[in-house]
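**Student:** Each chain is listed here by its residues.
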Amino acid sequence: MFFKRVFFGGKLESEVLRLVNEHLKILVEVCEVFKLALERDDLSLLKSVCELEDEGDRVRREIAMKIYEGAFLPYVRPNIYRFAEIVDEAIDKVEDTAYDYVYLKSCRDSELLEVVKGDLLRIAELNLKSSRRLMEAFNYLVEGGNLSEVTLKIRVYEREVDSIKHELSKKIRGVNVDVWSALTFLDLLHHIVSVTDLIEDAGDVVQIINVSLR
Amino acid sequence: MIDLLIVLACILIAFSIGSNDTSNAFGISVGCGLLNFKTALTLLFVLVFIGLNVQGQSVMRTVGKDLVGLNDLSLAVSLTVASLVIVLSNWRKFPLSSHQVIVGSLTGSALSMGLHVNYVTLSRIVLSWVTSPLSSFFLAITIYRFVEISLSKYPFFVAERILSALLLMSAFLIAYNTGANELATAMGAVVYYGILSPLTAGMIGSLSLFLGATVLSHRVIETVGKGITTLDVLSGFSAQFSAGISVWIFTTLGMPVSTTYCIIGGICGVGLLKGVETVRFNLIKKIFLSWIFAPLLGFALSFALGFVIANI
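Heads up: the protein sequence lines correspond to chains A and Z, in order. For the first sequence, counting from 1, position 211 maps to 210 in numbering that gives the first Met the number 0; every step adds exactly one. For the second sequence, counting from 1, position 32 maps to 31 in numbering that gives the first Met the number 0; every step adds exactly one.
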């Protein structure tokens, strides 16, 4: 049994890899659904975001259990779990953003949303692209590939998101809105930009995992 | 009666080897979760038995036939002293190399009783104690570089599996050497003096070693398994595997050498590769002192006891 596990990769290891892949698919899907909801202004789609977030939590817990049961060499375990935690945090942030969006829509000065919607869509698009790149990066750990190139692309997306955030911060200073609208928008902005931040962190962890046995 | 004392001393030495040196073979693998403790013990028993029966003859011959002339008394004195020194040093948490204590004791008792000592064989053995950690040192550097370059060509999770397999392979080699070298050193004199047949010695020695490993090695294995986390997996593997190859080469040459010293040599090699500041020279000084102290202690005690008994 242990020969099979050592030489051909054990059931636990395969299971963790499958779960991490599933987790990343959830991240991509949640980013996709949020972007679609924003484009179509479809609040019903935002419910799916919450459902996906629950699913993400379940997968993270399963990853933790499998790692605790002894998947992979001890050196690798903390980084794989750290990776799963960051991915989960990114999914949480998309859910927070979805809630903020609903709150902002219910605020008195909902015209603020019209001013910033284009930029938010650009950020949502970049979040989606980053999540796809992250999935690619993790697959490179399994199948091989140019990891540095992919993580570099994630960093570029993150910088782009950062610059949009600064543009937006300047832009909204000219808009006359009530306090609640402004506060809700700031929360939304904070949450939506932290998705790429977290994906960038997850990309760094992938790089760390990649060099951890060398 | 005296034969029983001799066999008991051998059993005690084998028991100590099991309690103390099992971690050399399976500490990392158990610590990494590649094997559970029970599987490690079973594998240890099987590999030790195979090692002793397949390749143990050459080391047994050097220790039991070529090194010194033997009689009942010299054998009883040397093995009793050796077993007590090994057990007490383990108990005081200052483990000494069983090879060095046994060789020192056999030489001391033989000299005290006017028996023949083959100084050429003794010199070869001492020379092998110097060269075996050194060979492990250079091998560890070569293995580290080779595996590092080879693994970099594979995706991470494939490399991780390969490294796991290599760790296990290295553990098997060390377990095999434990039988072919360490246990052979302990059983060589009784086999060549004709007290036990090689097969009986193999069974008794392997079982005593297995018992020592079962009863007392768990904590040592845990310490090594957890302690190794300060050493990365590749360095740990390089040090262990280089020691395995070194001991195997010296076993083929019939020389009783210490796996522990070879592993230390390997760790120093990898440490030096990563920067001289990572090597703890104070610890090396202590190990070096114990390297000098172990055979001298065995020699002095056996010589003194043998001298007293021979003159009564």
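Please note that a few of the clues may not be correct.
Result set (DSBU-like, lysine-lysine): computed pairs, CA atoms no more than 35 angstroms apart in a straight line [to be verified]:
1) A/LYS24 - A/LYS170
2) Z/LYS152 - A/LYS128
3) Z/LYS284 - Z/LYS273
4) Z/LYS64 - Z/LYS284
5) A/LYS164 - A/LYS10
6) Z/LYS92 - Z/LYS64
7) A/LYS10 - Z/LYS64
8) A/LYS10 - A/LYS116
9) Z/LYS273 - A/LYS152
10) A/LYS128 - A/LYS116
11) Z/LYS152 - A/LYS152
12) A/LYS152 - A/LYS24
13) Z/LYS273 - Z/LYS64
14) Z/LYS37 - A/LYS24
15) Z/LYS152 - A/LYS10
I should point out that these hints are in silico values taken from the structure, not numbers from a laboratory. Quick caveat: nothing in here was measured; it's all calculated off a predicted structure.
**Student:** Holds or violated: Z/LYS64 with Z/LYS284, Cα cutoff 35 angstroms?
**Tutor:** 33 angstroms, holds
**Student:** For A/LYS24 and A/LYS170, compute the direct alpha-carbon distance and say whether it is at most 35 angstroms.
**Tutor:** Distance ~34 angstroms between A/LYS24 and A/LYS170 Cα, so the pair holds.
**Student:** Check the hint pairing Z/LYS92 with Z/LYS64 against an upper bound of 35 angstroms on the C-alpha distance.
**Tutor:** Judged against 35 angstroms, a Cα distance of about 32 angstroms means the pair holds.
**Student:** When you check the alpha-carbon spacing of Z/LYS273 and Z/LYS64, does it fall within 35 angstroms?
**Tutor:** 43 angstroms, violated
**Student:** Between the alpha carbons of A/LYS128 and A/LYS116, is the straight-line distance 35 angstroms or under?
**Tutor:** 18 angstroms, holds
**Student:** When you check the alpha-carbon spacing of Z/LYS152 and A/LYS152, does it fall within 35 angstroms?
**Tutor:** 23 angstroms, holds
**Student:** Is the straight-line distance between the alpha-carbon of Z/LYS152 and that of A/LYS10 35 angstroms or less?
**Tutor:** With Cα atoms ~24 angstroms apart, Z/LYS152 and A/LYS10 stay inside 35 angstroms; holds.
**Student:** Between A/LYS152 and A/LYS24, is the straight-line Cα distance small enough, at 35 angstroms or below?
**Tutor:** Holds, at about 19 angstroms.
**Student:** Straight-line Cα separation of A/LYS10 and A/LYS116 no greater than 35 angstroms?
**Tutor:** 46 angstroms, violated
**Student:** Does the structure keep Z/LYS284 and Z/LYS273 at a Cα separation of 35 angstroms or less?
**Tutor:** Roughly 20 angstroms between the alpha carbons, so the hint for Z/LYS284 and Z/LYS273 holds.
**Student:** Sort out whether A/LYS128 lies within 35 angstroms of Z/LYS152, counting only the CA atoms.
**Tutor:** 28 angstroms, holds
**Student:** Could you grab the alpha-carbon distance between Z/LYS273 and A/LYS152 and see if it respects the 35 angstroms cut-off?
**Tutor:** Given pair Z/LYS273, A/LYS152 holds - Cα atoms ~32 angstroms apart, limit 35 angstroms.
This entry does not satisfy hints 5, 7, 8, 13 and 14, going by the numbered hints stated previously.
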